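Order-wise, the sequence lines are chains S, Z, V and W.
Residue 1 is where the first sequence starts when you use the numbering used here, and the numbers rise one by one after that.
Residue 1 is where the second sequence starts when you use the numbering used here, and the numbers rise one by one after that.
Residue 1 is where the third sequence starts when you use the numbering used here, and the numbers rise one by one after that.
Residue 1 is where the fourth sequence starts when you use the numbering used here, and the numbers rise one by one after that.
Derived by calculation from the structure, the hints in this document are not laboratory data.
There's no promise every hint is true.
Chain copies aren't distinguished; within one or between two, either way the pair holds.
What the hints assert, rightly or not - When the alpha-carbon atoms are kept at most 25 Å apart in a straight line, the in silico DSS-like pairs for lysine-lysine are as follows: (1) LYS16 to LYS298; (2) LYS226 to LYS282; (3) LYS281 to LYS33; (4) LYS81 to LYS21; (5) LYS129 to LYS21; (6) LYS81 to LYS226; (7) LYS282 to LYS220; (8) LYS132 to LYS17; (9) LYS281 to LYS129; (10) LYS33 to LYS282; (11) LYS19 to LYS159; (12) LYS159 to LYS226; (13) LYS281 to LYS81; (14) LYS298 to LYS226; (15) LYS33 to LYS81; (16) LYS219 to LYS159; (17) LYS281 to LYS16; (18) LYS129 to LYS19; (19) LYS159 to LYS132; (20) LYS281 to LYS21; (21) LYS290 to LYS219; (22) LYS16 to LYS159; (23) LYS282 to LYS84; (24) LYS220 to LYS129; (25) LYS84 to LYS21.
These numbers were taken from a predicted model, which means no experiment stands behind them.
Protein chains: 4
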Amino acid sequence: MQDYQHILNEIYTTLKKVKTKGEVARYIPELAKMNPDHLGIHLRLITGESFSTGDTNIPFSIQSISKVFSLAKAFQLMGNKLWKRIGVEPSGNPFNHMSLLEQENGIPRNPLINSGAIVIADILLSHLKNPKDDFINFVRELTHDDTIDFNETIALSEKRTGYNNYAAAYLLKSFGNLENDVEDVLDFYFHQCSIMMNCAQLTNAFVVFANRGRCIHNKKHLSLHKVKRINAIMLTCGFYDEAGEFAFEVGLPGKSGVGGGIVALLPHYYVISTWSPPLNKKGNSYLGMKALELFTEKTELTIF
Amino acid sequence: MQDYQHILNEIYTTLKKVKTKGEVARYIPELAKMNPDHLGIHLRLITGESFSTGDTNIPFSIQSISKVFSLAKAFQLMGNKLWKRIGVEPSGNPFNHMSLLEQENGIPRNPLINSGAIVIADILLSHLKNPKDDFINFVRELTHDDTIDFNETIALSEKRTGYNNYAAAYLLKSFGNLENDVEDVLDFYFHQCSIMMNCAQLTNAFVVFANRGRCIHNKKHLSLHKVKRINAIMLTCGFYDEAGEFAFEVGLPGKSGVGGGIVALLPHYYVISTWSPPLNKKGNSYLGMKALELFTEKTELTIF
Amino acid sequence: MQDYQHILNEIYTTLKKVKTKGEVARYIPELAKMNPDHLGIHLRLITGESFSTGDTNIPFSIQSISKVFSLAKAFQLMGNKLWKRIGVEPSGNPFNHMSLLEQENGIPRNPLINSGAIVIADILLSHLKNPKDDFINFVRELTHDDTIDFNETIALSEKRTGYNNYAAAYLLKSFGNLENDVEDVLDFYFHQCSIMMNCAQLTNAFVVFANRGRCIHNKKHLSLHKVKRINAIMLTCGFYDEAGEFAFEVGLPGKSGVGGGIVALLPHYYVISTWSPPLNKKGNSYLGMKALELFTEKTELTIF
Amino acid sequence: MQDYQHILNEIYTTLKKVKTKGEVARYIPELAKMNPDHLGIHLRLITGESFSTGDTNIPFSIQSISKVFSLAKAFQLMGNKLWKRIGVEPSGNPFNHMSLLEQENGIPRNPLINSGAIVIADILLSHLKNPKDDFINFVRELTHDDTIDFNETIALSEKRTGYNNYAAAYLLKSFGNLENDVEDVLDFYFHQCSIMMNCAQLTNAFVVFANRGRCIHNKKHLSLHKVKRINAIMLTCGFYDEAGEFAFEVGLPGKSGVGGGIVALLPHYYVISTWSPPLNKKGNSYLGMKALELFTEKTELTIF
């Protein structure tokens with residue numbers, strides 16, 4: 001067996017020396033306040049062992065990583081009916097998200113771009129009894145940690161400035177692909193994005209996708225059929241316009257968020273999370289991407 | 001001189017026989033209630049004589065025709081500073097209005113498409129003391145008719161269902177091209193679109209654009225420089241994705257609205273308005289377009 | 001009557017002082033050799049009087065201005081059947097010419113963009129007995145000048161480097177909108193673009209569009225119906241992505257070419273040609289545009 | 001161990017009953033002649049065992065599957081320099097391939113779309129001594145079968161009708177992203193696509209991508225680093241606009257061709273090829289896709 005702790009330490013040391021590492025997300029005022037120097041990496045094998053280096057116990061806003069949780073919950077609830085309102089293809093072009101929605105009659109390309117996640121939020125709003133409570137409980141259950149919660153300040157901050165999400169939501173509404181009021185859907189969506197988790201918690205939560213639908217306490221939450229499909233979507237759509245690049249350089253299904261977090265996994269083997277707030281031009285954590293490239297280069301453990 | 005009354009009568013008789021004439025706009029519930037059989041044509045020469053046939057005294061919702069009034073008012077107030085926030089080029093492609101906004105960083109193509117008119121509404125909101133009052137008074141002054149008013153029912157109807165306009169407004173906001181709150185801008189915009197006028201009133205109001213900036217009572221409202229530019233924009237951008245077709249088949253600057261109205265003019269000669277609610281696929285009054293084609297074919301009086 | 005010679009002289013003097021005036025077209029090697037300092041303006045009233053200043057007797061490559069001649073000839077031959085293979089709407093977006101062709105199934109937006117003019121060339125190739133001879137004779141007839149000819153060096157130069165036109169032609173062919181071989185169509189097209197004319201000749205040739213279809217020797221070449229439509233297309237589509245701007249600032253139907261020439265006209269009044277090789281970013285002669293803005297500002301003679 | 005022969009037989013029996021199965025590609029006349037009823041599936045484990053059912057010994061035109069061979073060869077020759085002229089992101093939108101090329105300055109999205117494969121062909125033409133011979137020998141070497149060859153009739157057939165590829169190639173040339181003449185590049189490209197192989201040969205050839213760069217005779221052709229990246233590109237870009245769907249439903253890196261062939265593989269485990277000429281609307285073999293869905297459903301052996 002490889003010496004994972006040593007590998008994580010090596011990566012940490014290498015990355016700590018990197019000077020140009022992008023910029024912290026500025027468009028959500030609360031996120032702009034993050035210390036750019038945080039760096040954490042947490043690994044958990046499917047066998048249960050964990051390895052950790054750096055700031056893996058400091059919670060951060062998981063942002064778009066939450067889209068995997070909401071997809072999982074909606075898929076659990078609705079099964080394949082989900083795909084009437086949303087696709088599974090990569091979005092391709094950074095310059096025409098609105099245009100794609102227009103051309104494709106309000107059916108978002110996939111559940112991991114904003115418009116797709118807004119449709120998922122609408123579905124959860126329609127199908128969960130107490131949407132916010134039920135959703136946070138689902139995340140807590142996956143993680144086995146009841147301290148996980150929304151960050152109201154961040155949710156509010158995004159609500160005040162998230163004009164682009166309002167534009168997408170109203171466009172979806174104009175095509176009849178939102179059942180609920182835009183304000184209600186976005187309130188749920190901004191809360192979902194505001195969830196605070198640390199690297200260790202994220203790693204634990206994603207074990208369900210690496211372990212055939214079973215969480216860290218071995219409870220079955222999702223069928224293998226669904227887990228495989230969620231992983232496929234993460235691989236082809238999980239990194240905005242850099243999904244191909246991530247598959248190419250890292251070779252794992254995963255998801256990033258503008259809070260600087262990334263989670264990735266090798267089915268049947270491991271889950272790994274990284275956190276470093278500065279983002280590259282595509283909106284993914286600069287050092288997080290590097291960390292995962294180094295990890296799969298050193299271990300040769302990828303899906304390819 | 002040509003016998004204009006005879007020409008209008010002939011056109012009216014011809015058009016009354018047309019059976020397939022498109023469909024009344026359905027997306028605004030209040031507009032869907034219009035009687036599709038209304039047909040009116042009103043002509044006014046620059047010399048003051050008027051000719052009329054059909055339903056020219058029944059007020060209807062002028063909708064997008066109001067964009068010419070708001071453009072005129074904003075141009076009057078701001079001069080060429082206007083063109084920092086808005087272009088003067090035709091929009092071209094019906095399938096990518098949102099995409100154009102995205103690609104062109106939130107600068108709408110021209111003031112006669114919805115996104116452009118929303119920017120103009122934002123400008124008026126910032127520069128008029130009592131925006132709605134001042135604006136309706138401007139229209140009344142051009143028309144010399146104090147009975148002209150907003151239709152609150154239509155404004156409210158559009159507010160409840162105008163998701164596409166909300167999407168455009170939030171996209172503009174996300175690019176920093178709206179100063180005021182989206183709700184306030186759209187409240188003004190929906191009111192402006194709801195103005196009720198009949199063919200005779202519309203014709204009178206547009207005399208200002210045919211008569212070098214002077215209204216029917218000969219008061220100077222706009223410089224010749226500005227009037228020429230407003231006419232140019234009407235010609236290249238006044239009929240959505242059918243602007244080229246209108247220039248080609250009719251050959252006059254003009255503007256249509258989904259309420260079924262069209263106004264067009266030959267500078268220094270005449271203004272003509274038509275009203276027939278059913279629309280063609282491009283959203284312009286089917287019989288109105290035909291009426292204007294017949295009129296310019298018979299009189300040979302066009303700008304070309 | 002206005003003192004036109006004085007006005008032309010004033011404009012010439014003003015423009016000669018302009019320093020930053022864009023760059024000569026470089027993509028056709030032969031054109032890159034032009035002296036950037038040439039400047040000529042030639043005006044002809046419908047009554048026959050002519051006024052001239054600067055280099056109005058030096059022939060230059062008319063390039064895209066030839067598209068108006070080929071459109072006129074094809075319209076003369078085919079009538080409205082033409083519009084089955086080509087539209088009359090402005091193209092709008094500089095970034096997606098190929099995409100528009102793709103989305104609109106190989107039907108070019110209008111006859112004055114390259115893809116449209118290539119379809120027109122295909123039509124002429126199918127319908128003229130001796131295509132190149134018949135076409136040059138048509139231009140000579142309009143101009144009453146038998147010295148006008150193709151420039152084989154320029155035609156060849158463009159043939160060797162006109163990859164973009166090859167791409168457009170093959171895309172048209174893939175949609176079944178070219179009857180002839182791509183090589184034959186482009187050979188005709190590159191020859192048509194290579195025609196050499198000076199400002200005086202261009203002005204004379206375009207009298208047919210200002211004088212209800214009659215050329216300078218009063219022969220009827222085109223019906224008024226057709227002339228009006230050609231003028232409408234020039235106005236809405238004659239200046240690439242700057243058509244709205246030209247209508248806005250100048251207010252005349254016209255056509256530009258990358259050789260630095262521009263022709264414009266006021267129906268029933270006059271034709272005016274300018275030549276200055278350096279182009280603005282949109283591909284239109286920088287000083288030519290300025291000259292026409294100044295001319296219509298000073299004379300107030302525009303279609304608006 | 002699973003009974004693979006039994007699984008293949010079951011799939012074969014199931015698929016033979018399917019009636020509506022799409023249409024054979026018609027745009028290449030030679031391909032249109034294929035018998036739509038052919039169906040073959042061939043599986044090879046990394047351990048060397050093979051399993052076969054149906055028409056697995058009849059050669060067919062591999063078409064786009066050849067793009068994986070040309071990518072492998074070019075990557076072998078050039079290493080990461082390749083990525084200066086070509087991307088690794090999915091193309092996303094079926095409606096704007098030309099537009100993407102335009103917007104992205106002639107850099108194709110990835111090596112498995114036509115424009116990307118044309119750039120690869122250009123690179124091979126520049127770097128191979130005897131391009132066609134060297135390339136076919138590379139494929140023969142991977143397969144250990146010297147009978148594999150080009151089909152000149154198919155290559156010629158495509159050359160005569162492949163206008164869309166000419167359009168793409170000239171567009172690339174206009175952006176300076178082709179070094180060689182368009183005719184030469186496309187001659188190579190059409191030959192590469194015309195290669196005839198059967199399911200068994202394709203399976204054998206692709207072992208190199210499943211076996212860490214070693215072919216069936218254990219010779220090392222590519223580094224693990226390169227093999228992983230080629231697999232990643234196959235997964236994200238191998239099925240035109242259905243790449244996400246294939247990842248979602250099948251979960252393997254793979255590549256399809258309009259000749260009706262598909263090859264897919266699970267690294268370290270197996271390679272599987274299918275052949276059935278009728279295509280679905282996205283251009284992928286209808287029954288081939290079904291066969292692979294069934295295979296991974298029954299075996300649960302996917303990368304996810």
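The hints, checked one at a time:
no.	hint	result
1	LYS16 to LYS298	within (18 Å within a copy, 46 Å between copies)
2	LYS226 to LYS282	between (28 Å within a copy, 24 Å between copies)
3	LYS281 to LYS33	within (19 Å within a copy, 41 Å between copies)
4	LYS81 to LYS21	between (42 Å within a copy, 24 Å between copies)
5	LYS129 to LYS21	neither (43 Å within a copy, 43 Å between copies)
6	LYS81 to LYS226	within (13 Å within a copy, 39 Å between copies)
7	LYS282 to LYS220	neither (35 Å within a copy, 36 Å between copies)
8	LYS132 to LYS17	neither (41 Å within a copy, 48 Å between copies)
9	LYS281 to LYS129	neither (39 Å within a copy, 40 Å between copies)
10	LYS33 to LYS282	within (20 Å within a copy, 43 Å between copies)
11	LYS19 to LYS159	neither (33 Å within a copy, 51 Å between copies)
12	LYS159 to LYS226	neither (32 Å within a copy, 41 Å between copies)
13	LYS281 to LYS81	between (35 Å within a copy, 22 Å between copies)
14	LYS298 to LYS226	between (30 Å within a copy, 15 Å between copies)
15	LYS33 to LYS81	neither (40 Å within a copy, 36 Å between copies)
16	LYS219 to LYS159	neither (35 Å within a copy, 48 Å between copies)
17	LYS281 to LYS16	within (20 Å within a copy, 46 Å between copies)
18	LYS129 to LYS19	neither (48 Å within a copy, 44 Å between copies)
19	LYS159 to LYS132	within (16 Å within a copy, 29 Å between copies)
20	LYS281 to LYS21	within (10 Å within a copy, 36 Å between copies)
21	LYS290 to LYS219	neither (33 Å within a copy, 32 Å between copies)
22	LYS16 to LYS159	neither (34 Å within a copy, 53 Å between copies)
23	LYS282 to LYS84	between (29 Å within a copy, 18 Å between copies)
24	LYS220 to LYS129	within (22 Å within a copy, 58 Å between copies)
25	LYS84 to LYS21	between (40 Å within a copy, 22 Å between copies)
Consistency note: the structure conflicts with the earlier hints numbered 5, 7, 8, 9, 11, 12, 15, 16, 18, 21 and 22.
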